[in-house]
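Chains as they are written, first to last, in the numbering used here: chain A, 180 to 517; chain B, 180 to 517; chain C, 180 to 517; chain D, 180 to 517.
Simulated from the structure, these hints should not be mistaken for laboratory data.
Possibly wrong hints are sitting among the right ones.
Copies of one chain are not kept apart here, so a pair can be met inside one copy or by any two copies together.
[Stated by the list, open to error] For lysine-lysine, the following PhoX-like pairs were computed, each having C-alpha atoms within a straight-line distance of at most 25 Å:
no.	residue 1	residue 2
1	K341	K365
2	K341	K399
3	K453	K365
4	K341	K184
5	K184	K472
6	K286	K313
7	K472	K428
8	K428	K341
9	K184	K453
10	K453	K360
11	K399	K313
12	K515	K472
13	K428	K453
14	K360	K472
Predicted, not measured: the structure shown is a model, and the values here were computed from it.
Number of protein chains: 4
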Amino acid sequence: MIFLKNDYGLGAHPEVMRALMETNMELNDGYGEDRHCRAAAEQIRELIGCPDADVHFLCGGTQTNQTALAAFLLRPHWSVISADSGHICVHETGAIEATGHKINHVKTEDGKLTPELIEEVLVFHEDEHYVLPKAIYISQSTETGLIYSHSELKALRECCDKNGLLLYLDGARLAMALSCKDNDTKWEDLPLLADAFYIGGTKNGTLIGEALVIVNDALKPDMRFLIKQRGAMLAKGRVLGVQFEALMKDDLYLHMGSHANRMAQALAEGIAAKGYEFAIPPQTNLLFPMFEKELVQRLAEDVMFETYPIVTDTHQCIRLVTSWGTTEDEIEEFLKLI
Amino acid sequence: MIFLKNDYGLGAHPEVMRALMETNMELNDGYGEDRHCRAAAEQIRELIGCPDADVHFLCGGTQTNQTALAAFLLRPHWSVISADSGHICVHETGAIEATGHKINHVKTEDGKLTPELIEEVLVFHEDEHYVLPKAIYISQSTETGLIYSHSELKALRECCDKNGLLLYLDGARLAMALSCKDNDTKWEDLPLLADAFYIGGTKNGTLIGEALVIVNDALKPDMRFLIKQRGAMLAKGRVLGVQFEALMKDDLYLHMGSHANRMAQALAEGIAAKGYEFAIPPQTNLLFPMFEKELVQRLAEDVMFETYPIVTDTHQCIRLVTSWGTTEDEIEEFLKLI
Amino acid sequence: MIFLKNDYGLGAHPEVMRALMETNMELNDGYGEDRHCRAAAEQIRELIGCPDADVHFLCGGTQTNQTALAAFLLRPHWSVISADSGHICVHETGAIEATGHKINHVKTEDGKLTPELIEEVLVFHEDEHYVLPKAIYISQSTETGLIYSHSELKALRECCDKNGLLLYLDGARLAMALSCKDNDTKWEDLPLLADAFYIGGTKNGTLIGEALVIVNDALKPDMRFLIKQRGAMLAKGRVLGVQFEALMKDDLYLHMGSHANRMAQALAEGIAAKGYEFAIPPQTNLLFPMFEKELVQRLAEDVMFETYPIVTDTHQCIRLVTSWGTTEDEIEEFLKLI
Amino acid sequence: MIFLKNDYGLGAHPEVMRALMETNMELNDGYGEDRHCRAAAEQIRELIGCPDADVHFLCGGTQTNQTALAAFLLRPHWSVISADSGHICVHETGAIEATGHKINHVKTEDGKLTPELIEEVLVFHEDEHYVLPKAIYISQSTETGLIYSHSELKALRECCDKNGLLLYLDGARLAMALSCKDNDTKWEDLPLLADAFYIGGTKNGTLIGEALVIVNDALKPDMRFLIKQRGAMLAKGRVLGVQFEALMKDDLYLHMGSHANRMAQALAEGIAAKGYEFAIPPQTNLLFPMFEKELVQRLAEDVMFETYPIVTDTHQCIRLVTSWGTTEDEIEEFLKLI
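For reference, chain A alone in the conformation it holds in the complex (with noise of 0.2 Å):
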């Protein structure tokens, strides 16, 4: 079978797995104060050139926008705004209402927020008998495989500034943000844009992991009781540490990264060489190719993947996912196929 129905179905990097084995009978002090958690902490602050950021690693997205968002949204009645296609929104079985807070889901065309969509929500917003919005969610790249371009950013970190919004930066993708073609923004302007942003690990190489950099100085403050109280603090911190200091050495995190984009670009033009069509124009490693049904349904003999709810008379569009693992021979395979 072709593998491409997501980016974590293998285990981790051979380097992240080195780095296990080499430290695993080191003793360590636990719950992320070891060395190991110290060191990622501190390569990851120079390489956004923040050095006052906090950081701190966490197991997985939900886990990690749950945790983060609680520092955002203080009060009770302060809310979040998010493209109703974002992750919080349908896949988290709603995790940030369950700590009390509403999600202003906002119907976009593409799954990227801007600033007029912000604004209208804002507007409807007026007193006491509404829930506040307090913070804009966005994810880079989008759960649509598109990435926000610098200056896009720019406008939404403009209008969050001159609404007293703050923004979160879902990087569950962000390797493949980072390291996508059309991609202008680097490591250092993101602590201009966002007020805490992750830095996902998950999907680009490691077992479990998501690094939370919080650059806002009123959201540090007691940030590790939030993440405890969460049951997120793992006792063996170090196994997280361990990993990210892997993952940032040589640059391993975005040549990951570079390596999903340029499988994803090689199967997209495959794809459209043979005359297909897109419902959503590929940019990173998510793709939403239109096939015909009976395509489809042979597909699923030799492939893994997941349809998408978009669908026409003839054709039906489904979403095909490569990653660091991804191999050559898995596209050209493919592109037979079809």
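Given the coordinates of chain A, assemble chains B, C and D onto it according to the supplied hints.
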């Protein structure tokens, strides 16, 4: 000033105040266990022909919705489906989310849910990565002043039964719904349609007070714990019981609703006679006429009302509300102004 | 039957009812923004000598405690320290925990917190594996009918200041505390002692209603959102404003408290004269005499009261409560029975 | 330095790491639906002789407790009874309260609940003004290193059955409990005793991971929703399955626990031989010797350990912890120091 701003601008109906005065120096048990709460509950059970219903008296609509839905939404991942114009969606400061539950907002034409709209939500929520819809929330009459017909309510009930959903009916303006000229739902239909509903007092003649009626046995246990935990159990619960006894006597409750509707109808006919149109067709005590913007400005000098967010280049929609206390003089005076 | 069961068995004081009747047919703005709420708030600000205080009117004690503490306990891991006999610990069905916050229960001799007891809690809570105490909760008078002296309150305030804690004072029976013969705390001391407190109406002459006074600027923003979100904002907020206007007029509030205390004192003296002892020394309107078990059984035929969980082989403690409505005749009759 | 600070200072047991390496480049389904999670669950069901049990794999203890108790505590006013030294009471930053539920803290002699202590709580919680206890929480072994005997566990079970309570067993150190020389509880007893329990991995040889076993059918539905909502469902769930497969093979799990206990016993005997006493009698891998204060200070130079809050004028209690990785050399060296 002519008061057409809302249906809670006055105090209580004189009969309600008289009952409060007459019983004031009685010594009564606390926390809703007094003779008046018991008597009013019994009157309500007879009225709806449901001898097994539990009846609890609470203070206001948001509190009643929040408390009742706490019994519907047992597990943290259970959600409730509502029209996105529903009171719980917009006017309750995120009260439902504050208790940890997501509301599935549904865009509607006119503020009314339909089986088709409900089933679209259900299809989308396919597994444990999503919340699990377990209840629907409707208002009778709606925030748009419309009522569901009996057959529409039965269709919703059947949709709920088919899909394992419970049905909650917000009756803040139940008086106006049941006394509406177009209504074909009877008191005794309500327990067959809803698992729980409330009979609104605040918008129809009490100082405070809503009567929550629990029909479904599964929702009955421990309701007093939920009420107390939300600070919704008055030490002097008799204040609520006494008022509902007065409302239920000699059909006062529907007489008041009927008066509000008649005043609205007179107003609507007068407005239509002058050639104005309505953004939403007039049915109960909420009217949404479209007036020239300059007329709206002029009216504001003599009339208390609210604007409604439907605007054209030349016209602005306003909301006019009548109540048990609106007088024919007020209607006449208003019509002279347009 | 002689009624000594609680201080909320009657309706409202006649002056309060008169005010409600007189204003009933006024048209007023909703949600606490009416002239009566404004006037009553102003009266309270003058009374306590604190022109900048925010005053909000809510329905009952549990609701007020839950709403006020929501402003104190911003972050999910912040906790509040209370005597384990405190109303929030035992009689509110877990209302504080229901909003996500732990109460640090403290075992006390007599229901009163001390700096020593507070500091023991602080020492124990050393890092992020524990909740972080950020406020203390005290009642004046306590559930045991005792009052804190002014110097005891000042010591608590200093302890709070030293340790970065806020102080919340539950004044359900503030009338009885301030009018107690042993009291040396004045209205104008309260804003210097507490960051927020409430002036209880339900147990001292209103139908419903407590006046929440916010002194600390940090707690003021967005309080109306918190009130609305908990279903604690009445559409007819005027009902609360009108009642507090009446309470504040001609010192009616303290006259009522003083009456309750005088009745309790007469009762206590009569009981002591017959040779009975008290489990807790009598100070305000709650008495805890120890009676022979057979006497307790006999009293139950003519008197409404509650038992209290202090028992010896031969004696049972009972709780007797007087109020603004208790009469000298009732006291005399009771004393004849023992 | 001799490491006796905790049982999670090392990485994973070498067999566990080998299994992770061997399966690393396999492509697996996500979210715990892979072959390894299925196989490990099956091994556990066989081990405990309960073919119908549901088994879920989570990351750590706080997360597992919080998620499991969310299934136990359905209604917002339901509470859980725990010894006040229980992990959920003190070391989880209010994680249970953060989900809205009160813990009824019970003062115990030695960290162990008894039927008598439970029933005292039940008697006190008499009506809807109190929370409603619905479950008990115990740890096996406890935070004090003690184990419940089989007859003690049966007595707790009977107490629960009699009073409509569910029983949850925190098995963070279940390996040490079951392999303790004093233990008379067998794997197959556990499903008869507990409605749910977890088999702890973090403190016995995994990088991360606890296996939650749900026995009671009423607790099974929707557990995956609860896990996902708390951010506790790993995309690469295989990481947990693979580790538990390794633990369950050839009884490795109990061999590790047994080793930890043997090392502790050797340590305890050596300490006792030198004339020292224990604040809590040694039973499993946690020891609480009382040492002269100057000895404690001296030990700190060569040994990593924690102090325990039992102090006399001359002596200080310290906590010594052994694990699967503790060596005989370390024990010998430690004993030379005292």
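Against the structure, the hints:
1. K341 to K365: Answer is within: at 24 Å inside a copy they meet the 25 Å cutoff, but 46 Å across does not.
2. K341 to K399: both (22 Å within a copy, 23 Å between copies)
3. K453 to K365: Close neither inside one copy (35 Å) nor across copies (63 Å); limit 25 Å.
4. K341 to K184: neither (41 Å within a copy, 33 Å between copies)
5. K184 to K472: So K184 and K472 pass the 25 Å test inside one copy only (18 Å; across, 56 Å).
6. K286 to K313: The answer is both: 18 Å in one copy and 24 Å across copies each meet 25 Å.
7. K472 to K428: neither (44 Å within a copy, 46 Å between copies)
8. K428 to K341: Close neither inside one copy (38 Å) nor across copies (46 Å); limit 25 Å.
9. K184 to K453: The answer is within: 21 Å in one copy meets 25 Å, while 63 Å across copies does not.
10. K453 to K360: within (23 Å within a copy, 63 Å between copies)
11. K399 to K313: Classified as both: same-chain Cα gap 17 Å, cross-chain 17 Å, threshold 25 Å.
12. K515 to K472: within (17 Å within a copy, 65 Å between copies)
13. K428 to K453: Neither: 39 Å inside a copy, 51 Å across copies.
14. K360 to K472: Answer is neither: 31 Å inside a copy and 52 Å across each miss the 25 Å cutoff.
Consistency with the previously given hints fails for numbers 3, 4, 7, 8, 13 and 14, ordered from lowest to highest.
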